[in-house]
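Protein chains in written order, with the numbering used here: chain D, 1 to 112; chain B, 113 to 223.
It is possible that part of the hints are untrue.
Lysine-lysine pairs mimicking DSS-like chemistry, simulated, CA-CA at most 25 Å apart [what the hints assert, rightly or not]:
no., chain 1, residue 1, chain 2, residue 2
1, B, K165, B, K130
2, D, K52, D, K69
3, B, K131, B, K165
4, D, K99, B, K153
5, D, K52, D, K99
6, B, K150, B, K134
7, B, K152, B, K121
8, D, K3, B, K152
9, D, K99, B, K152
10, B, K152, B, K134
11, D, K3, D, K69
12, D, K69, D, K99
13, D, K52, D, K3
14, B, K121, B, K134
15, B, K131, B, K150
16, B, K153, D, K111
17, D, K111, B, K152
18, D, K99, B, K134
19, B, K153, B, K121
20, D, K3, B, K153
21, B, K121, B, K131
22, B, K150, D, K3
23, B, K130, B, K150
24, D, K99, B, K165
25, D, K99, D, K3
26, D, K99, B, K150
27, B, K150, B, K121
28, B, K165, B, K134
29, B, K134, B, K153
Read the hints as simulated data drawn from the structure, not as lab findings.
Because the structure is a prediction, the values reported are computed rather than measured.
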Amino acid sequence: DAKTTQPTSMDCAEGRAANLPCNHSTISGNEYVYWYRQIHSQGPQYIIHGLKNNETNEMASLIITEDRKSSTLILPHATLRDTAVYYCIVRTSSGNTGKLIFGQGTTLQVKP
Amino acid sequence: DTEVTQTPKHLVMGMTNKKSLKCEQHMGHRAMYWYKQKAKKPPELMFVYSYEKLSINESVPSRFSPECPNSSLLNLHLHALQPEDSALYLCASSRPGYEQYFGPGTRLTVT
Chain D
1 DAKTTQPTSM
11 DCAEGRAANL
21 PCNHSTISGN
31 EYVYWYRQIH
41 SQGPQYIIHG
51 LKNNETNEMA
61 SLIITEDRKS
71 STLILPHATL
81 RDTAVYYCIV
91 RTSSGNTGKL
101 IFGQGTTLQV
111 KP
Chain B
113 DTEVTQTPKH
123 LVMGMTNKKS
133 LKCEQHMGHR
143 AMYWYKQKAK
153 KPPELMFVYS
163 YEKLSINESV
173 PSRFSPECPN
183 SSLLNLHLHA
193 LQPEDSALYL
203 CASSRPGYEQ
213 YFGPGTRLTV
223 T
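This is chain D alone, in the form it adopts within the complex:
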């Protein structure tokens, strides 16, 4: 699976959009971009995933560049409860069990 690069930490003001970038320049055609987050002392939580089209769900939006070498997770109106470590993971999804290889992630601090 391709490797990802994320900033170590970011701050965001409460109520503003949080935009979390991820670089995955070695991504291959059958690899998806997944985002998870981990709030302190809890298990990781699935947020969203995509292949090449932009995706939106009730939690977030995922914007993937046309060349698929980078993506951005957008939390449209960040709250204090969104403070967490956000992991961008690239993996295949071929119907078989797949590994999740977590990088160091981005620690997002939402401030009042």
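Fit chain B to the supplied structure of chain D, relying on the hints for placement.
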């Protein structure tokens, strides 16, 4: 039911003890996973079960022994652990190849 449960929440054990961690899900997922997470580090995959068969063992020491007695249950048997095995142990489940759902973890301390 959309959650993965893990018991116990906390466990303290001596190096000569034998204990087990338990994970349960009722989402009909046929893939289940064990991860280990040390403090301030990302989770690391240990084992994957697919349709109740072990499909991935990430070169985990034999003092960790996984078991999948049925499609809803996953156990991790612990024996002769070392203090450096102290960590948060996370269980997850998924439809094979799809997003994984994690439990809250068991925080293990080896004394």
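Quick rundown of the hints versus the structure:
| no. | hint | in the structure |
| --- | --- | --- |
| 1 | B/K165 with B/K130 | holds, 23 Å |
| 2 | D/K52 with D/K69 | holds, 10 Å |
| 3 | B/K131 with B/K165 | holds, 22 Å |
| 4 | D/K99 with B/K153 | holds, 17 Å |
| 5 | D/K52 with D/K99 | holds, 20 Å |
| 6 | B/K150 with B/K134 | holds, 19 Å |
| 7 | B/K152 with B/K121 | holds, 19 Å |
| 8 | D/K3 with B/K152 | holds, 20 Å |
| 9 | D/K99 with B/K152 | holds, 21 Å |
| 10 | B/K152 with B/K134 | holds, 24 Å |
| 11 | D/K3 with D/K69 | holds, 11 Å |
| 12 | D/K69 with D/K99 | holds, 20 Å |
| 13 | D/K52 with D/K3 | holds, 17 Å |
| 14 | B/K121 with B/K134 | holds, 10 Å |
| 15 | B/K131 with B/K150 | holds, 19 Å |
| 16 | B/K153 with D/K111 | holds, 23 Å |
| 17 | D/K111 with B/K152 | holds, 21 Å |
| 18 | D/K99 with B/K134 | holds, 21 Å |
| 19 | B/K153 with B/K121 | holds, 19 Å |
| 20 | D/K3 with B/K153 | holds, 17 Å |
| 21 | B/K121 with B/K131 | holds, 13 Å |
| 22 | B/K150 with D/K3 | holds, 21 Å |
| 23 | B/K130 with B/K150 | holds, 21 Å |
| 24 | D/K99 with B/K165 | holds, 16 Å |
| 25 | D/K99 with D/K3 | holds, 13 Å |
| 26 | D/K99 with B/K150 | holds, 18 Å |
| 27 | B/K150 with B/K121 | holds, 16 Å |
| 28 | B/K165 with B/K134 | holds, 17 Å |
| 29 | B/K134 with B/K153 | holds, 23 Å |
Checked against the numbered hints above, the structure breaks none of them.
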